[in-house]
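Asks: The residues making up each chain are set out below.
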Amino acid sequence: MADVLSVGVNLEAFSQAISAIQALRSSVSRVFDCLKDGMRNKETLEGREKAFIAHFQDNLHSVNRDLNELERLSNLVGKPSENHPLHNSGLLSLDPVQDKTPLYSQLLQAYKWSNKLQYHAGLASGLLNQQSLKRSANQMGVSAKRRPKAQPTTLVLPPQYVDDVISRIDRMFPEMSIHLSRPNGTSAMLLVTLGKVLKVIVVMRSLFIDRTIVKGYNENVYTEDGKLDIWSKSNYQVFQKVTDHATTALLHYQLPQMPDVVVRSFMTWLRSYIKLFQAPCQRCGKFLQDGLPPTWRDFRTLEAFHDTCRQ
Amino acid sequence: MGVTCVSQMPVAEGKSVQQTVELLTRKLEMLGAEKQGTFCVDCETYHTAASTLGSQGQAGKLMYVMHNSEYPLSCFALFENGPCLIADTNFDVLMVKLKGFFQSAKASKIETRGPRYQYCDFLVKVGTVTMGPSARGISVEVEYGPCVVASDCWSLLLEFLQSFLGSHTPGAPPVFGNRHDAVYGPADTMIQYMELFNKIRKQQQVPVAGIR
Chain X
1 MADVLSVGVN LEAFSQAISA IQALRSSVSR VFDCLKDGMR NKETLEGREK AFIAHFQDNL
61 HSVNRDLNEL ERLSNLVGKP SENHPLHNSG LLSLDPVQDK TPLYSQLLQA YKWSNKLQYH
121 AGLASGLLNQ QSLKRSANQM GVSAKRRPKA QPTTLVLPPQ YVDDVISRID RMFPEMSIHL
181 SRPNGTSAML LVTLGKVLKV IVVMRSLFID RTIVKGYNEN VYTEDGKLDI WSKSNYQVFQ
241 KVTDHATTAL LHYQLPQMPD VVVRSFMTWL RSYIKLFQAP CQRCGKFLQD GLPPTWRDFR
301 TLEAFHDTCR Q
Chain F
312 MGVTCVSQMP VAEGKSVQQT VELLTRKLEM LGAEKQGTFC VDCETYHTAA STLGSQGQAG
372 KLMYVMHNSE YPLSCFALFE NGPCLIADTN FDVLMVKLKG FFQSAKASKI ETRGPRYQYC
432 DFLVKVGTVT MGPSARGISV EVEYGPCVVA SDCWSLLLEF LQSFLGSHTP GAPPVFGNRH
492 DAVYGPADTM IQYMELFNKI RKQQQVPVAG IR
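These protein sequences, in sequence, are chains X and F.
Be aware that the first sequence starts at 1, since it is given in my numbering, and climbs by one per residue.
Be aware that the second sequence starts at 312, since it is given in my numbering, and climbs by one per residue.
Be aware that a few hints might be false.
As the list claims (entries may be wrong) - What follows is a list of derived Cβ distance ranges for each label pair:
id : chain 1 : residue 1 : chain 2 : residue 2 : range
1  : X       : D229      : F       : A493      : 46 to 52 Å
2  : X       : T223      : F       : G477      : 42 to 48 Å
3  : F       : G343      : X       : D229      : 28 to 34 Å
4  : X       : D163      : F       : G348      : 44 to 50 Å
5  : F       : Q347      : X       : Q257      : 50 to 56 Å
6  : X       : E303      : F       : G348      : 36 to 42 Å
What the hints assert, rightly or not - Result set (DMTMM-like, lysine to aspartate or glutamate): computed pairs, CA atoms no more than 25 Å apart in a straight line:
id : chain 1 : residue 1 : chain 2 : residue 2
7  : F       : K338      : X       : D290
8  : X       : K233      : F       : E345
9  : X       : K241      : F       : D399
10 : X       : K241      : F       : E422
11 : X       : K286      : F       : E345
12 : X       : K275      : F       : E470
13 : X       : K196      : F       : D492
14 : X       : K286      : F       : E470
15 : X       : K286      : F       : E381
16 : X       : K196      : F       : E470
17 : X       : K241      : F       : E324
18 : X       : K196      : F       : E381
19 : X       : K275      : F       : D492
The hints are simulated quantities; they were obtained by calculation from the structure and are not laboratory data.
In this text, all values refer to a predicted model and were calculated from it rather than measured experimentally.
Glycine included, every Cβ here is placed at the ideal spot set by N, Cα and C.
Next comes chain F alone, as it looks inside the complex (with noise of 0.2 Å):
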């Protein structure tokens, strides 16, 4: 597990999800990426029942459950701007049992799709975010293996990121800064995740044709 850096690319004007995935694709492929077959990251956001919230009238938080291919084994589950739990994917269960605490909101899954590939010691992945039967957006994460510090390896991950992003290359992630010389774990690959979902769901729905 190295530092990742996970980011949404803007779909192109006049251009479908769909068909700006196939740019980003063809670009990699031109930089020499091999395709590795593909990945999924989910997300379902859970309530916290309003019989267990405090009298003081505190708003309910939000909890996020989320799986990632790359570790099939594991479930994480993660409030905003709150601590990250990994567990094994028996968890989804135990949420069922949970129901009256945590109460499942409606249609709200979200997952991202697409393409896995490798260049070099680079992972690059890229996403078509979907809720529901739409299309929301483009997802593009960027792992390098050899490094576990986020703070070293920015610049590298920067300059790498530009030549096949271009001009929408992103700042560094937020998680980055939080703790200066920490080891990336995979807890900070999903908390991007989440961010990312999040910027997503505010945002109007495009609706977009062609997809799955």
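Same shape as in the complex, but just chain X (with noise of 0.2 Å):
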């Protein structure tokens, strides 16, 4: 009990409150009786109200002491759960037989394990905000209707802009023929000529490059009426490959602040593949490598390498 006592826990103080509550209510109660009751019959008026009032002003003693008495057990029995950090679930670690029930440290555990998990969820969200794939603002779901004000304007910009932006760029690389047409409204869709290495297909919506598609010089790059054929991939498995670096480069280059910028950097890096054919691997040195040129061009230098010599 010694124990118990050290805690603050008085079971004594506890008791004795408990009959103390007892009382305040019988005492309480009979209160209300008496005035229930109101003044008996008595010989005078005089003689009823004085034994009324008597008997009321006892009762009304009777009540202030029970309370009295109550409120000094209450001090005695104290608060014993607030002064431990896990509130009630404290009092597990008081279960003698740990072994059998070792809720008290799993509990613990637990608790660890949840504060931990919340730091690091809040680290990952707070880079991941920084290094976002989702390239605009309409795709973010919960998080947009928090901040309806932040939407880029970049989904909006006028057919006209983004023409210009293209034809400078094809301008600005004499080897690569841009020809932009807009079959479905206002998204453009690209069909760029590199050299006489590959053609590729470049789906637009505004000013952001939604898909890819990488097809041989060779290769027809219409379907049957005539449209762009955006969805068959090409024949070849070195441009099935290429076409999955494309498709990387894209989700690489973004700043969603200068779109133009993105359209800029991702053609001057597609455009390093004039040499596609004719550039050897600048870590193993050879050509081929399981039959395949290298594919990859480094995102930053340009420089080729085999899929699996890149690092």
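Mind docking these for me? Both chains are given alone in their own frames, and the hints should help you get the complex.
Replies: Written out as structure tokens, the structure reads:
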């Protein structure tokens, strides 16, 4: 019992306090009984009033006495759980059979774990927001609701501006020809022909690049009804690989505030494929690896590497 | 249609044509190439008829009429160092009508047949060149589909050829140097086959048994 008292749980005081509460309740109900019964029949009106007041006073005194007693006891009982950091769950540590029910240690572990999780999740969300793979704000869902004013205006650029940016890029690279068309509303589709090496279909939404398909120079890029075929992939493994890399590049080059810079960087990167069949790998010095030429181009240096040679 | 290199593979010492072809195909299969059917290229020679020759006594030009199983609906007519005509297969019938101008050379038909292998974007055809009943040599054709400019991918092709031909890797075919930056076409392949056949015709006949 001594250790129980040491944590401030005075059981004796508890039982006394409970009986004090009972006493208080009964004295309070006696007050109301007296009020309900009113003045009893006595000889004179004066005698009746005197007796009633005296009775009422007695009752109120006993209520007061019981209340004081309860207050005194409640100070003894104290507030045992308040000084423990885990509040009431801290009482689990009082369980003497630790081996059979290791609830308390498990609880502490879980608490630490969830604390850490919250901390790391906060860090991760901060980092991910910096390097967001979502390239426009209207895909953000929940967070977009929270700050509806953060929507970039880049999705509502006038088509004329897009045309200007594309034609400027077209003039920048003489070995690259870009043909712009708008078969479905305002979204532009580009057919980029790079030397006599490859053709790229670029699907744009405003100035964002949504999708690219790389095909061979001698491959058909149109469907039977004369539209650009944006769905079928190249018949050649090398261009399927380059398509994969181009999609990686789309996600790498992004700068939501300056979409024209993004398109220009992407095209500069794409232009390095003019030497697709002529440049040996910068790491192994060979042309072929598993039958494929170096299909990867470094995003910064534009050097050629095999897919497995890059690091 | 990609850039194609046609070359001749010498028959290995002490081996027959058939054995050398088997050696090559085994090497290709080890490399990971998959067999995809067979191929055939044939060539027939025509002389210009004497009656049409000019008075200056110039020698008659030779014309070669060729077929390639890769282009089953086409017929190729070539002059040595001259233009190459690509026509429908009906051209053969036309040649019969043109007997007065072009006469078929006797027993001049030469052809190459063999398996066709695919490795990544490469197409490899190893053929046995036969003239009449006798096997005359081995042709190796390597096509790299994705590329259309010969000078762009020659180093790459060379590396691939080295991987299974070893020391017998050929030099760049003359057609590669003809037109810089030009798009490679089926006619360029046929010119290479014509040159290969002419080279083999001039070689002394090696009697080899065991060919169909």
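Asks: So, for every hint listed, does it hold in this structure?
Replies: Do the hints match the structure? See the list:
{"no.": "1", "hint": "D229(X) - A493(F): 46 to 52 Å", "result": "violated (27 Å)"}
{"no.": "2", "hint": "T223(X) - G477(F): 42 to 48 Å", "result": "holds (45 Å)"}
{"no.": "3", "hint": "G343(F) - D229(X): 28 to 34 Å", "result": "holds (30 Å)"}
{"no.": "4", "hint": "D163(X) - G348(F): 44 to 50 Å", "result": "holds (49 Å)"}
{"no.": "5", "hint": "Q347(F) - Q257(X): 50 to 56 Å", "result": "holds (52 Å)"}
{"no.": "6", "hint": "E303(X) - G348(F): 36 to 42 Å", "result": "holds (40 Å)"}
{"no.": "7", "hint": "K338(F) - D290(X)", "result": "holds (15 Å)"}
{"no.": "8", "hint": "K233(X) - E345(F)", "result": "holds (22 Å)"}
{"no.": "9", "hint": "K241(X) - D399(F)", "result": "violated (37 Å)"}
{"no.": "10", "hint": "K241(X) - E422(F)", "result": "violated (37 Å)"}
{"no.": "11", "hint": "K286(X) - E345(F)", "result": "holds (23 Å)"}
{"no.": "12", "hint": "K275(X) - E470(F)", "result": "holds (16 Å)"}
{"no.": "13", "hint": "K196(X) - D492(F)", "result": "holds (8 Å)"}
{"no.": "14", "hint": "K286(X) - E470(F)", "result": "holds (8 Å)"}
{"no.": "15", "hint": "K286(X) - E381(F)", "result": "violated (30 Å)"}
{"no.": "16", "hint": "K196(X) - E470(F)", "result": "holds (21 Å)"}
{"no.": "17", "hint": "K241(X) - E324(F)", "result": "violated (42 Å)"}
{"no.": "18", "hint": "K196(X) - E381(F)", "result": "holds (23 Å)"}
{"no.": "19", "hint": "K275(X) - D492(F)", "result": "holds (13 Å)"}
Of the numbered hints listed earlier, those contradicted by the structure are 1, 9, 10, 15, 17.
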